[in-house]
Every structure is written in C-alpha cells, then in structure tokens.
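Engineer: What follows is the residue order along each chain.
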Amino acid sequence: MAPTVPTAAKSASPSQPSGKSEVADLKQQLRQLAGSRAPDADDQRRDVFKRVISCMTAGIDVSAAFGEMVMCSATSDVVTKKMCYLYVGAHARAHPDLALLTINFLQRDCRDQDPTIRGLALRSLCSLRVPNLVEYLVTPLTTGLKDPSAYVRMIAAVGAAKLYHISATACLDADLPASLKALMLSDPDAQVVANCLHALQEIWTLEAANSESAAREIERHYIASQLYFTLLNRIKEFSEWAQCTVLELASKFLPSDNNEIFDIMNLLEDRLQHANGAVVLATIKVFLHLTMSMTDVHQQVYERIKAPLLTLVGAGSPEQSYSVLCHLHLLVMRAPMLFSSDYKSFYCQFSDPSYVKKLKLEMLTAIANESNTYEIVTELCEYAGNVDVPIARESIRAVGKIALQQYDVNAIVDRLLQFLEMDKDYVTAETLVLVKDLLRKYPQWSHDCIAVVGNISSKNIQEPKGKAALIWMLGEYSQDMHDAPYILEGLVENWDEEHSPEVRLHLLTAVMKCFFKRPPETQKALGATLAAGISDTHQDVHDRALFYYRLLQYDPSVAERVVNPPKQAVSVFADMQSSEMKDRIFDEFNSLSVPSYLFTDKDHRGPFEYSEDLTNLTVGAEDPENVISAQRYQENDNDLLLSTSDKEDNGTRVSNGSSTSSYNAPSDLISPSLLSSQPPAESALMTTGVPTSSSLSNFGLDDLLGLGVTEAPAPRPPPALTLNSKPVLDPGTFQRKWGQLALSLSQECSLSPQGAAALMNPQSLIRHMQGNYIQCIASGGQPPNYKFFFYAQKDGVTAFFLVECIINTASAKAQLKIKADDGTAAEAFSTLFQSALSKFGLS
Amino acid sequence: MPVAASAIYFLNLRGDVLINRLYRDDVGNANVACAFKFVVEAVALFKSYFGGNFDEDAIRNNFVLIYELLDEIMDFGYPQNLSPEILKLYITQEGVRSPFSSKPSDKPVPNATLQVTGAVGWRREGLVYKKNEVFLDIVESVNLLMSSKGSVLRCDVTGKILMKCFLSGMPDLKLGLNDKIGLEKEAQLKSRPAKSGKTIELDDVTFHQCVNLTRFNSEKTVSFVPPDGEFELMKYRITEGVNLPFRVLPTIKELGRTRMEINVKVKSVFGAKMFALGVVVKVPVPKQTAKTSFQTTSGKAKYNASIDSLVWKIRKFPGQTEATMSAEVELISTMGEKKSWNRPPIQMEFQVPMFTASGLRVRFLKVWEKSGYNTVEWVRYITRAGSYEIRC
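First to last, the sequence lines map onto chains W and B.
Take 1 as the starting number for the first sequence in full-length UniProt numbering and just add one per residue.
Take 1 as the starting number for the second sequence in full-length UniProt numbering and just add one per residue.
I should point out that these hints are in silico values taken from the structure, not numbers from a laboratory.
Glycine included, every Cβ here is placed at the ideal spot set by N, Cα and C.
Don't take every hint at face value.
What the hints assert, rightly or not - According to the in silico footprint, chain W covers these stretches of chain B (three or more CB under 8 Å from chain W): (1) 61–67; (2) 77–87; (3) 205–216; (4) 245–253; (5) 300–309; (6) 373–383.
Unchecked claim - Derived lysine to any residue pairs resembling SDA-like cross-links, with alpha carbons at most 25 Å apart: (7) W:424 - B:286; (8) B:185 - B:221; (9) B:190 - B:364; (10) B:149 - W:749.
Construct the entire structure; sequences and hints are all you get.
Structural biologist: Structure (structure tokens):
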C-alpha cells in the first residue's frame with residue numbers, strides 16, 4: 001500500500017511542452033505579478049498558479065519556482081491560496097530550507113479571521129513534514145484545538161496525529177493527547193470527535209508499541225467503558241465514515257458483563273440497516289466479537305446478519321460485492337450451515353465479473369450439504385459449459401470438491417463422467433484430475449470410472465495435469481484396464497515429445513506399477529521407459545528413473561513394495577488452511593486481510609498436489625529403503641559413470657527377467673534378504689513415533705509395511721476395532737502414559753451444530769462418550785473452548801488409547817490428539833471416536 | 001488502524017496516472033469495505049461536480065478543482081465529508097454546473113464551514129422555495145435466472161426509492177409503504193385490524209443516513225429530514241412473491257451443422273392498461289454465423305456480430321399481449337469446431353412504467369414544517385430489467 005510515485009507521471013509525456021522553458025516562463029510571470037497592484041492581478045495570479053499546478057500534475061519539475069510562488073502567496077483569493085498551499089505541500093519535503101520561507105505566511109494565515117483560511121493554513125502547515133519546522137507547529141495546533149470554528153478544530157485534531165508522525169516528543173511534550181481526549185469526550189461537533197478519535201488511536205497504538213508503561217496507561221483508557229459509551233451513544237451524529245471508526249473501536253471493547261453486551265447490541269442494531277456497506281460490516285464485526293463467548297446468542301447473531309449481508313452482495317459495485325463475498329466465505333468456514341438454504345443467492349449471473357463468479361463458486365462449494373447438493377451440482381454443471389474458460393474450469397473443480405466432501409457422491413460421479421463426454425479439452429483435463437482424486441478417496445467407484453476413462457485417448461489431452469492424472473489411473477488400475485500396457489507403451493514411444501516433466505514422472509511410475517501387475521505385457525515398455533528416463537535432461541525424471549532402475553536391480557520385490565504398496569483410501573485431503581489461520585483472520589474481519597487472504601489461498605492452491613506427493617512416497621517404508629540403496633550404490637561408482645548406451649543395455653537386461661519372482665539380482669550386488677533390511681526400517685519407524693511395546697508390535701509393523709506377506713498387493717481392510725466396555729485406568733497411569741507415548745494421530749473434525757450447542761453442559765458429552773465405551777478422565781475450559789481427556793481400551797487386550805480433545809463451540813470444531821499403545825489401531829480408533837463425537841447432540 | 005487510504009490515484013484506461021494525491025505513508029491493514037465504498041462515493045461526488053461526464057478530459061481540465069476536493073474529502077487518510085450538497089457550498093469554480101455556482105461571490109459564505117460539520121450534516125438551513133414539491137421515484141430492477149426447462153432458479157427484486165425534494169425550511173417527512181411489518185405495526189399501534197389488501201414482505205432494507213433508524217425499528221415508519229435536492233432514500237430487496245413482467249419461451253433447433261432455427265415468444269404478464277418501453281431481447285448465436293433472416297410479429301430484429309447475438313427491439317409492448325420472433329441462422333461450417341456450442345443465456349432489457357415487480361406501493365407521504373406550507377407530491381413507479389436471463 002505504500003504510495004509509489006508513478007513513473008508515468010514523472011516523465012513528461014511527449015505532447016506536453018518541454019519542462020524547462022515552460023518553468024522559466026512561469027517564473028518570469030510570477031515575478032512580475034508578485035508586487036503588482038493592478039486590479040486584475042488576482043485573476044492573473046490565479047491563471048499562472050493554475051498553469052504551475054497543471055505542470056506539477058503532469059510531472060514537470062516546477063520546484064525551481066518555489067521562491068516566486070511564496071512571493072505571490074500574499075493574496076486574499078481563497079482558490080489561489082489553496083493552490084499555493086498545495087504547491088508548498090508538494091515541494092516542502094524535498095526543499096526543507098525553502099519551506100522555512102513559507103512558515104511566515106502560513107502562520108499568519110492561521111490567525112486569519114476567516115475560519116476556512118485558518119483551517120486550510122493549519123492543514124498545510126501540518127502537511128509540510130519537515131522535521132526542523134516542528135517548533136512552529138505546536139502553537140498553531142494548540143490554539144487550533146481551541147478554535148471557535150469546528151472546521152478548524154477538526155483539522156487541528158488530525159494535525160496532532162501528523163505532528164506525532166514527524167516528532168513524537170514534540171507532540172507529547174505539548175500534551176496534545178490529553179487535549180485531544182478532552183475534546184473527544186466533550187466537543188459538540190461529531191466530525192471533530194471522530195478526528196480526535198482517529199488521532200488518538202494512532203498515537204496510542206504507536207506509543208503502546210514503544211514502551212511498556214505507555215501501553216499500560218493506554219490500556220487503561222481502552223478499558224474505561226465511559227469512552228465506549230460516550231461515543232456509541234452519539235453514533236447517529238457521526239458521518240458514515242466516522243461511524244466505521246467508532247464501530248472498529250467498539251469491537252475492541254471487553255464487556256464486564258452480559259448486560260453491557262446486550263446494551264451495546266441494542267444500541268447498534270439499527271446500524272445493520274445503514275446504506276453504507278462499510279458500516280454494516282463494521283457492526284457485524286462488533287456483534288460477532290461481543291458474542292464470541294455466548295454460543296446461543298452467537299448463533300442468533302449469525303441469523304440476524306444474514307439478510308443484510310445478502311443485500312450487500314447484490315448491491316453496490318462489483319468490487320464491493322467481492323469484498324462482501326470474501327467475508328461471507330470466512331463466515332461460512334465457521335458456520336457452514338449459515339447460508340445453506342440461501343444457496344441460490346450465489347448462483348452466478350452471466351454479467352458478473354469473473355472475480356465475483358469465482359468467489360460465488362467457492363461459496364457454493366462451501367455451503368453444499370446433504371440438503372442442497374443436488375441443486376448446487378446441477379447449477380455448477382451449467383457453468384462447465386461457460387464461455388469463460390477459467391470459470392468453467394473452476395466450476396468443474398467445485399463439483400469435485402463437493403464430491404470429496406462426501407455428499408451424494410453417486411450422482412456427482414455420474415455428472416463428472418458426463419463432463420468427459422462434452423469433448424472439450426479443458427473440461428476433460430480438469431475432470432480427469434478430479435476423477436483421479438475421487439478414486440483415491442472412494443476406490444469403490446473405480447469400476448464405473450475406469451470404464452469411461454479407458455475410452456479417452458491420451459492424444460486428445462494436452463494439459464499436463466490432465467494427462468498426468470490419466471497416466472496415474474492407467475498405472476494404478478492397469479489390472480482392470482485391458483489396454484493399459486499398450487497405451488502406456490504408446491506414450492513411452494513419444495517420450496521425447498512430452499514436454500512436461502510432471503507427465504514424464506507419472507509415466508515412469510505408472511509403467512512401473514503396470515509392470516508389477518502385468519509383467520509380460522509391460523516388460524518391453526519398462527525397459528524403454530527406464531532408458532528414456534535415465535537419459536532425460538530433467539533432473540527429477542532422471543533421478544527417479546535411476547532410482548527405479550537400481551531398485552529393480554537391487555531386489556524387485558522391494559521395488560514392488562515401494563511402487564505398489566497396499567493403499568488405503570485417503571480419508572481427508574491435506575488442507576492448506578489451518579483452523580488457526582482462519583481464526584486469526586477472523587480477528588481482522590472487515591479489513592484488507594480478508595480479500596487478500598483469499599488471494600494467497602489461490603496462489604498456494606493445490607491441497608491435492610501436496611497429498612499426491614505423499615502417496616507417491618508411499619507409506620513410510622520408502623525412506624529406509626532409499627537410504628540403503630543409496631549407500632549401496634555409492635560404493636559402485638562405475639554404475640554412475642555408465643554411458644547412455646550401457647544403461648540402455650542394462651535397462652533391457654532388467655526387463656529380460658521374465659517376472660518378478662524369477663528375476664535375479666546382478667551377481668556383483670549382494671541382495672540382502674528381506675530380514676536384513678528389516679531392522680533399519682523398524683528403527684526408523686520407532687523414531688518416527690509408532691510405539692512398540694508389546695509382542696503385537698512386530699505384527700503391526702509388518703502389516704504397516706506390507707513386509708510380512710510378500711504376495712499381498714491388494715489393500716486389506718483394517719481389522720474392525722471393538723472397545724472394552726469397562727476399561728479401567730487411573731489418572732496417574734494416564735498421565736504417565738500420556739508423557740511416554742508418542743503422538744499417533746492428530747486430527748481435526750467437526751461437531752454437529754446441535755452438538756456444539758449441547759456442549760453448554762460439558763457433562764452431557766462425557767455421558768455421551770461413555771455410551772460409546774470412551775471414558776473421560778479429565779475435562780475443563782471456558783466457553784467457547786473446552787478440553788477433554790478421554791481414554792478407551794481395545795477389547796480383550798491391554799492396549800489403551802488416550803485422547804486429548806479440544807473443542808471450540810463457536811466454530812463447532814474439535815482437535816484430536818490420539819496416543820495409543822498399539823499405534824496401528826490408532827487410525828481405526830480415530831474413526832470410531834470421530835463418529836461417536838459427530839453423533840453427539842443429534843439424539 | 002481504520003485508515004482508508006494512503007493515497008488516491010486517478011488512472012485512465014491505459015493505466016497512466018492522471019492525477020494523484022498522497023495523504024501519508026504506508027498504512028496498516030485498512031478497512032476494506034470502507035475503502036471500496038469511499039472510492040465509489042468519491043466517483044459519485046466527482047460526477048456530480050462534472051455533470052455526469054467524469055472522463056479523462058474533465059480531469060485534465062480541472063486539476064485544481066480536483067485537488068481542492070481531494071483536500072476536503074480526506075485528511076491524512078481519514079475520510080471526511082463526501083456530501084456533494086455541502087461541499088458545493090464552499091468549493092466552486094467556473095466550469096462547475098452546480099445550482100450554487102450562480103451565486104455572485106467567489107468567496108465562500110462566511111459560515112459555510114460551520115455547515116460542513118453541523119448536526120444535520122445533509123441539509124443546510126434557510127432554504128426557500130416558492131413552490132414546495134417532492135418527487136418520489138420507486139425504481140425496481142428485477143433479476144431473473146431461468147433454467148432451460150423453464151423453472152425459476154433465482155429471482156429477486158432490488159428496489160430503491162429516489163427522492164427529489166424542493167422544500168423550504170427544515171421539514172419532517174414520513175413515508176408509509178404497503179410492507180407487511182409496517183402495516184401490522186401501525187394496526188397494532190392504532191389498535192384496529194390491519195387493512196386487507198396486498199402487502200409485501202421486504203427481505204432487507206437500508207436507508208439513507210437521514211432516516212431515523214431508531215424510529216424505524218420501534219414504530220416501523222420511515223421518518224426523516226430530507227437533504228435538499230436529489231438523493232436515494234432507501235434500498236430494499238425482495239425475494240418472495242415477485243411478479244415477473246415478461247415470460248420468454250425460446251425454442252432453438254440446430255438443423256445439421258450449418259443451420260439453426262430460433263423461435264422466441266415473449267409474453268407480457270402485467271396489466272393490460274400498462275405497457276413496457278424499450279424492450280430488447282438478445283438471443284446469442286454462434287460465432288460463425290453467416291446469414292440471418294427474421295420474421296417478427298412486432299418490433300425489429302437484426303444480427304449484431306460484435307456481441308454474437310440476434311437483437312430484437314420492441315419500442316412499446318402493451319400488457320397482456322405476446323410477440324414472437326422466428327429467425328433462421330446459417331452458419332459457416334468449420335472443420336475444427338466441435339459439435340457442441342454452449343449457449344449463453346438469452347438476455348432481456350425493458351422498462352415498465354407504473355409497475356412494480358415487488359408490488360410495493362407508497363401509501364402516504366406526509367410533510368410537516370413549522371411554517372405549515374402545502375406541498376405537492378409526485379410519485380412514479382418504474383420496473384427495469386436487472387439481469388434478466390433465460391437459459392436455453
């Protein structure tokens with residue numbers, strides 16, 4: 001926001017007269033007029049001044065005429081005076097010595113009989129921003145604050161803040177803050193009061209940042225409810241802008257009891273009807289802040305502010321709608337139910353600018369729930385054919401996001417598959433990315449999707465992301481897609497024409513996956529892929545190809561575990577926005593952070609990409625393997641120096657091995673047995689925090705790594721978890737265990753709104769969880785934040801689960817930290833716990 | 001810090017800075033709604049100074065005036081007074097079309113600055129008119145989004161009541177509407193049953209700062225001391241019970257790859273005595289349109305290539321009638337073009353005088369002034385198309 005001096009204005013445009021001669025001419029004229037007493041001198045002066053100002057605006061340097069301008073400043077014409085002030089204000093900072101010349105006439109004008117002149121002179125005097133003139137400022141300011149004219153007082157109040165910025169000590173020495181405060185509490189004119197408030201807030205904020213004692217002092221001012229009530233009682237007198245300031249201040253108020261809260265809310269309720277959207281938003285902020293700790297009133301506030309907010313979306317300029325929509329988005333993040341029945345208000349108009357459309361799409365995504373998903377998705381599908389391609393893309397992504405929120409997946413999958421039939425490049429590409437993400441969450445849909453995806457020719461997809469998604473599916477589901485190996489082979493043949501490294505990386509992995517699923521058909525392609533990959537110029541592609549190659553050389557079964565590990569469906573995709581972030585931003589409601597927060601969100605888009613990396617890395621097992629292979633191969637430097645052709649030979653050799661099981665590692669490399677590779681893996685896991693305490697641990701580890709059974713590629717469902725109905729754990733043991741065990745899981749989940757409301761009585765949650773065999777050992781907290789410690793025991797074993805659960809009733813979110821004796825079951829327990837929690841309040 | 005701005009820049013369409021005014025250095029996290037609203041209001045202020053033509057030339061020719069205004073509307077980044085009525089009292093220059101510019105003195109009225117900050121910031125004292133008149137304009141824009149199957153996806157009315165006051169002294173005005181809550185409250189206060197008749201429910205209302213909001217909340221009446229001249233008294237929004245003035249029934253047939261048949265029927269469903277003006281129906285056609293031919297029962301239609309639409313204009317459209325346009329469109333067949341053409345929605349423009357889509361009516365407008373003069377009140381209604389879109 002720093003004002004940068006535009007270069008366009010600085011360099012005179014060619015149509016303008018060249019600066020130098022023009023300025024000289026003006027100087028000449030001014031000099032003639034300076035002493036002139038001719039009857040039309042005033043008019044002439046006015047004209048010349050106008051020309052000077054025009055030159056200045058056009059970017060011509062007119063500072064040379066400074067002296068002449070000051071000489072001509074003695075005039076009774078107000079407009080000429082204003083121009084003179086403007087000129088002086090613009091040049092004083094760069095020419096502090098010349099600015100001294102102006103002090104005289106400005107000070108004289110400060111004592112003029114016309115309040116307008118007094119005010120204008122005072123404003124200009126304070127705007128000079130020249131440190132060595134500070135001494136001349138204090139007296140006019142002090143008298144200005146006591147001026148009989150409100151206009152002058154109003155200017156003097158802001159002037160005090162200006163002085164503070166030039167020299168804080170001068171401002172404080174003259175005791176201006178005290179005068180300002182007295183004026184603020186007593187002045188009959190609202191604008192004077194408002195400006196005093198502006199100035200004081202600025203001075204106080206900066207003072208508080210500078211010294212502890214000042215901060216405490218100022219804290220006292222802020223706490224005094226007298227200040228708030230004096231201003232709030234007069235709020236109707238203030239201009240709309242000043243109202244915003246007062247409301248902003250009110251949102252900092254810490255009420256001493258509920259009566260004060262209701263007093264303020266009653267006082268301000270009619271502000272929600274104000275025509276100025278800024279006033280409405282500021283009022284909303286006050287309401288939300290005041291009721292933060294009163295869950296039920298907070299909900300009522302949400303209901304109350306709905307209508308005004310929806311009006312603001314439709315009224316005013318698109319920019320205003322945009323900023324209001326940003327706020328709505330923020331509110332919806334905290335109270336998703338808020339607008340769920342008003343979803344139609346967020347349907348896009350054809351004429352909306354695209355930045356508004358984009359936000360509306362996000363709103364639709366955010367408010368989708370069981371009751372409105374069908375309508376919303378139908379509407380979003382309309383946009384997929386939109387002429388505005390970015391919006392069409394965005395709407396397809398929105399459909400996908402809703403699908404990932406788990407509502408009515410059935411219908412959505414059908415719609416997504418219909419998109420593929422639209423036969424438009426960008427639609428297909430976006431849809432493929434989504435289908436891929438969907439499959440990772442709902443593997444049960446693979447059959448339907450694969451049937452359609454299999455028909456898409458990869459030649460028609462140009463966009464790297466879409467192509468990568470298709471290739472991923474080809475690799476992942478190669479056993480279900482008849483043509484998969486041949487399609488992949490075709491893609492490998494055109495390796496050199498593939499410009500995107502992302503696609504080439506995916507192609508590498510997909511061919512590997514396919515190889516392990518259908519070895520005979522993919523062999524040839526694998527060789528070609530590795531060869532092409534190793535000679536690739538892109539470092540990542542090269543590294544991955546080399547890594548795969550050596551992995552295969554080292555031990556194909558290890559390679560299979562790395563490339564094709566048993567996968568579990570992704571339950572929650574990593575989300576960029578943490579709840580803390582949202583809460584923090586909420587403090588800055590109605591400020592520029594809100595829209596810009598959404599901007600940064602866009603820039604860092606890609607929650608899916610992030611989680612994508614995770615799956616590519618596979619479940620933890622890879623790291624130790626990586627280390628081993630790296631170490632081993634460092635010994636064999638020759639290999640690194642192999643020429644490309646050699647590598648190609650090697651590549652074919654690799655694929656000559658007819659199948660995984662019969663493949664033999666090159667003799668020069670001792671293939672360590674599975675067992676020997678296990679200890680490092682285990683120790684690595686120990687350090688990453690899965691506790692191994694009982695005899696169960698070995699089994700658990702094997703399970704996690706897929707090491708125990710080498711021939712088990714299919715993902716196995718986690719064993720069903722049942723809990724002991726009457727676990728016993730004394731607080732001492734709990735504390736000890738909590739200290740000892742590492743964190744198995746940390747998750748965030750949401751409560752039903754009813755549940756959040758029912759938490760007014762924390763005992764009810766404890767009883768509810770007991771019904772689900774989860775016991776509470778300690779609880780506490782103040783609304784809206786509660787903290788609980790729960791424990792539960794796996795049925796028939798001694799393994800305990802310990803849970804720390806922090807619930808925020810205002811946002812209806814719970815943060816879980818789970819520690820378990822048996823880390824492998826933590827995931828299952830977490831699911832169990834969350835389902836129990838989500839049912840709270842519904843019965 | 002609730003500062004609105006550190007500077008104001010005026011740019012032209014190419015992005016050149018025409019004029020700028022720096023108020024202070026960097027500011028913190030500004031109040032976003034305030035900042036946007038300020039800019040919008042500032043533009044409105046400049047428009048009112050330049051008689052609506054606020055363009056590059058107006059800026060280039062009025063640097064001094066703009067600087068003067070920029071000085072008054074904001075000080076050190078804090079918005080001050082943006083009310084054109086008050087500012088025009090003491091900032092005047094040649095080239096300004098202002099009712100006050102006819103005053104002979106170049107110097108400001110000595111106490112003008114007192115007015116600037118007076119308690120009734122929007123009205124000055126001592127106004128005298130020979131004939132006391134009030135003009136009320138109820139202007140509604142009806143927004144519609146209809147699906148291709150003919151069901152209403154979204155429909156609402158945003159209305160505003162514009163007022164032009166030429167009243168002497170400091171009058172107190174009271175406006176009565178046929179909104180449900182107001183009528184019920186009135187019946188309750190006068191303890192008699194509410195009059196039957198059409199009442200409407202306003203979803204949300206916002207008022208000009210002159211309206212006494214406390215009284216609105218307690219008594220549900222709109223009472224105010226109006227500014228002089230023209231202003232926007234209130235805005236409202238209605239989503240229930242909207243009377244759509246027009247129904248549009250499009251049929252579009254694609255005959256092969258090079259021909260289309262378009263048939264649009266428009267029905268007016270407002271009262272038979274009323275009529276709509278300036279009805280325009282825009283039917284989008286593909287980019288590769290080569291030739292068009294039309295038949296219309298009323299009005300004229302033509303193909304406008306710059307917006308890729310058939311534009312059908314009907315100057316006057318009586319109520320309870322219908323009009324049809326049938327068009328044949330020939331397309332250039334192109335090899336690259338894919339089979340599907342995404343049809344943008346049909347858009348409609350119209351104005352229907354003396355009709356409100358919401359059903360809002362002014363029941364009374366009372367004027368009290370201590371001198372007790374008589375006033376003449378004029379009330380007009382008009383409904384315009386906001387974004388009236390029919391998907392096809």
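Engineer: Please go over all the hints and tell whether each is borne out by the structure.
Structural biologist: Now for the hints, and whether the structure bears them out:
1. Counting residues of the segment 61–67 of chain B whose CB lies closer than 8 Å to any CB of chain W gives 3, which reaches the minimum of 3, so the coverage claim holds.
2. Check result for the segment 77–87 of chain B against chain W: holds, 5 residues qualifying (beta carbon to beta carbon below 8 Å, three or more required).
3. Residues of the segment 205–216 of chain B lying with their CB closer than 8 Å to a CB of chain W number 8, which satisfies the three-residue condition for coverage.
4. For a cut-off of 8 Å, the count of residues in the segment 245–253 of chain B with a CB near a CB of chain W stands at 0, and the three-residue condition is violated.
5. Three residues within the 8 Å Cβ limit are the bar, and the segment 300–309 of chain B against chain W gives 0, so the coverage statement is violated.
6. Note: the segment 373–383 of chain B has 0 residues with beta-carbon separation from chain W under 8 Å; the three-residue rule is not met and the coverage is violated.
7. Between residue 424 of chain W and residue 286 of chain B the alpha-carbon distance is near 16 Å, which keeps this suggested pair within the 25 Å criterion.
8. Distance hint between residue 185 of chain B and residue 221 of chain B is fulfilled; the C-alpha atoms sit about 9 Å from each other, no more than 25 Å.
9. This hinted pair checks out: residue 190 of chain B and residue 364 of chain B have alpha carbons roughly 16 Å apart, not beyond 25 Å.
10. Between residue 149 of chain B and residue 749 of chain W the CA atoms are separated by roughly 40 Å; this puts the pair beyond 25 Å, and the hint is violated.
Figure legend: structure checked against the earlier numbered hints; hints not met, in rising order: 4, 5, 6, 10.
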